[in-house]
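Trainee: Chains A and B supply the protein sequences, listed in that same order. Taking this note's numbering, I'd label the letters of the first sequence as residues 1 to 225. Taking this note's numbering, I'd label the letters of the second sequence as residues 1 to 184.
Please keep in mind that the hints were generated in silico from the structure rather than gathered at the bench. These numbers come from a predicted model, not from an experiment. Cβ coordinates follow ideal geometry from the N, Cα and C atoms, glycine included. A portion of the hints provided could be inaccurate.
[Claimed, not checked] Pairwise CB distance ranges (calculated):
1. B:G78 with A:T75: 24 to 32 Å
2. B:Q63 with A:E74: 24 to 32 Å
3. B:L43 with A:K195: 39 to 47 Å
4. B:A137 with A:I171: 29 to 37 Å
5. B:Q135 with A:G69: 25 to 33 Å
6. B:Q63 with A:A167: 49 to 57 Å
7. A:R97 with B:Q183: 47 to 55 Å
8. B:K144 with A:R97: 43 to 51 Å
9. A:A73 with B:N61: 30 to 38 Å
10. B:P105 with A:A167: 52 to 60 Å
[As the list claims (entries may be wrong)] Cross-link-like lysine to any residue pairs, in silico, SDA-like; alpha carbons within 20 Å at most:
11. B:K152 with B:H41
12. A:K93 with B:V174
13. A:K152 with B:E94
[What the hints assert, rightly or not] According to the in silico footprint, chain A covers these stretches of chain B (three or more CB under 8 Å from chain A):
14. 51-63
15. 93-101
16. 108-114
17. 153-159
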Amino acid sequence: MRVTFKGVYPATGLLFFLLALNSSIAQTQPSTSQQQQQDQQQQQPPASEQNAPNAPSSTQKEPSLSDLGFPSAETQGNLREQELLDKRSYMLKVHQRMGLITAVPLAATVILGANAGGKQTSSASRDAHAALGSATAGLYFTTAYFALRAPKPPGTPTRGPIRVHKALAWIHGPGMVLTPILGAMAFDQKSKGEKVHGIASAHGPVAIVTAGAYGAAIVAVSIKF
Amino acid sequence: MTTRSFTLFLLLLAPGLGSPLLNAQSQWALDQSTLTYHVSHPLHQVYGVSYAARGKGVCSNGQCNFLIAAPVKSFDSGDSNRDLHMVQVTRGAEFPMVTVRTRLPESAEQSATIQADIEVNFAGQTAHYANVPFQLAKQGGEIKVTGTIPAKVSDFKIDPPALLTVPIKNDIPVQVEMTWKPQG
Numbered sequence: 001m002r003v004t005f006k007g008v009y010p011a012t013g014l015l016f017f018l019l020a021l022n023s024s025i026a027q028t029q030p031s032t033s034q035q036q037q038q039d040q041q042q043q044q045p046p047a048s049e050q051n052a053p054n055a056p057s058s059t060q061k062e063p064s065l066s067d068l069g070f071p072s073a074e075t076q077g078n079l080r081e082q083e084l085l086d087k088r089s090y091m092l093k094v095h096q097r098m099g100l101i102t103a104v105p106l107a108a109t110v111i112l113g114a115n116a117g118g119k120q121t122s123s124a125s126r127d128a129h130a131a132l133g134s135a136t137a138g139l140y141f142t143t144a145y146f147a148l149r150a151p152k153p154p155g156t157p158t159r160g161p162i163r164v165h166k167a168l169a170w171i172h173g174p175g176m177v178l179t180p181i182l183g184a185m186a187f188d189q190k191s192k193g194e195k196v197h198g199i200a201s202a203h204g205p206v207a208i209v210t211a212g213a214y215g216a217a218i219v220a221v222s223i224k225f
Numbered sequence: 001m002t003t004r005s006f007t008l009f010l011l012l013l014a015p016g017l018g019s020p021l022l023n024a025q026s027q028w029a030l031d032q033s034t035l036t037y038h039v040s041h042p043l044h045q046v047y048g049v050s051y052a053a054r055g056k057g058v059c060s061n062g063q064c065n066f067l068i069a070a071p072v073k074s075f076d077s078g079d080s081n082r083d084l085h086m087v088q089v090t091r092g093a094e095f096p097m098v099t100v101r102t103r104l105p106e107s108a109e110q111s112a113t114i115q116a117d118i119e120v121n122f123a124g125q126t127a128h129y130a131n132v133p134f135q136l137a138k139q140g141g142e143i144k145v146t147g148t149i150p151a152k153v154s155d156f157k158i159d160p161p162a163l164l165t166v167p168i169k170n171d172i173p174v175q176v177e178m179t180w181k182p183q184g
């Protein structure tokens, strides 16, 4: 009996080809599935998240963060930098609060300054003005300390209203040094019964410019313009 | 049995070969994106923008899994001091990436609008937002996706930043504009 293999030979050849192909796929598949396993392990959410309606499925290939090509330095957390930022924020919060507190005796000092002159060798309003001025200077330099000592991550550019805030410090900073010195000189001259003269006569204008720059510095970071 | 039907029979029998063919994957890549968060304060309306997001979508069995990620530091509000503070309050140095995951049916690309369930990982917390509407617009082979994620400060256990002792509003919606390209 003659068996005709017509049609079966090609099919048998195809079978061997498929089996060979299948075994080669089987050899290459483990690396793919291992990669998938690694990706899934990397992205495995905590148990509490697995019950979420859109929790990642274990049956489908899911993209992982490593697939996106971000540099590893960009995706890894840095606790030390976080601590630096925490310290910076804390110090700047104190700076902000103390800056606002300082504005109160500063305004009061300027207001009382209007009556600090006069011809008497001593007056209650002049003493109050001097005392408030001293308190303002103390608070001011404490406020400045927290801004100057706040750490800043290296390489961070300064952009936005903070530039105006910082630029104004070049006016109210020296002003806050000069104003008490000039004020002390004026106070001394008045106490001796003299008319305020010389550089001490600049106390008032310097104080007003200083207070104005200070107020503008607060406004610069408070109101968008 | 004819040759053709025998071949088909063998194809179905051949173990492990049929499934990869049936599970053929297609992929999408995020080509361009603009992510914009909006923060409200009585004295300020702040918009922080990032163009640095990257994303990938993998489709198989009629379902697509998408991942979009952006460095927290990449958001620019126009004020370096505020941006540094934003990174601090969101613990952006410790958790430097914000990631968004969603799963959509492959057929969604034919729709003009979709409702997506999304999972946002930010500031070390995971928040889920259900049925977030997104608009889809086909431009050649690309798909432009726009929408807004209704994020809240409290969703991520963030201590709301304050200016002049007044905290920001709890709502921080994130506007999303993305252009996706098919890959491969």
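Trainee: Run every hint past the structure and note whether it holds.
Mentor: Hint by hint, here is what the structure shows:
1. Taken as a hint, the range 24 to 32 Å holds for the pair G78 of chain B and T75 of chain A, whose Cβ atoms sit roughly 26 Å apart.
2. Between Q63 of chain B and E74 of chain A the beta carbon distance is about 29 Å. The supplied range of 24 to 32 Å therefore holds.
3. Checked against the hint of 39 to 47 Å, the pair L43 of chain B and K195 of chain A passes, with Cβ atoms roughly 45 Å apart.
4. Taken as a hint, the range 29 to 37 Å is violated for the pair A137 of chain B and I171 of chain A, whose Cβ atoms sit roughly 52 Å apart.
5. Our hint of 25 to 33 Å for Q135 of chain B and G69 of chain A holds, since their Cβ atoms are close to 27 Å apart.
6. Range check, Q63 of chain B to A167 of chain A: Cβ separation about 56 Å, and the 49 to 57 Å hint holds.
7. As the Cβ distance of R97 of chain A to Q183 of chain B is approximately 52 Å, the hint placing it in 47 to 55 Å holds.
8. Here the CB-CB span from K144 of chain B to R97 of chain A is close to 46 Å, well matched to the stated 43 to 51 Å.
9. A hinted range of 30 to 38 Å for the beta carbons of A73 of chain A and N61 of chain B is consistent with their spacing of about 36 Å.
10. Distance hint for P105 of chain B and A167 of chain A: a CB-CB separation of about 56 Å, consistent with the stated range 52 to 60 Å.
11. In summary, the hint linking K152 of chain B to H41 of chain B is supported, as the alpha carbons are separated by about 14 Å, within the 20 Å threshold.
12. Our distance criterion of 20 Å between C-alpha atoms is broken by K93 of chain A and V174 of chain B, whose separation comes to about 26 Å.
13. For the hint linking K152 of chain A to E94 of chain B, the alpha-carbon distance of about 16 Å falls within 20 Å, and the restraint holds.
14. Only residues whose C-beta sits within less than 8 Å of a C-beta in chain A count toward coverage, and the region 51-63 of chain B has 8 of them, enough to reach three; the restraint holds.
15. Taking a C-beta to C-beta cut-off of 8 Å, the region 93-101 of chain B contributes 7 residues in contact with chain A, enough for the three needed, and the coverage statement holds.
16. With a threshold of 8 Å between beta carbons, the proposed coverage of the region 108-114 of chain B by chain A is violated, since 0 of its residues qualify and at least three are required.
17. With a threshold of 8 Å between beta carbons, the proposed coverage of the region 153-159 of chain B by chain A is violated, since 0 of its residues qualify and at least three are required.
Against the hints set out earlier in the document, violations occur for numbers 4, 12, 16, 17.
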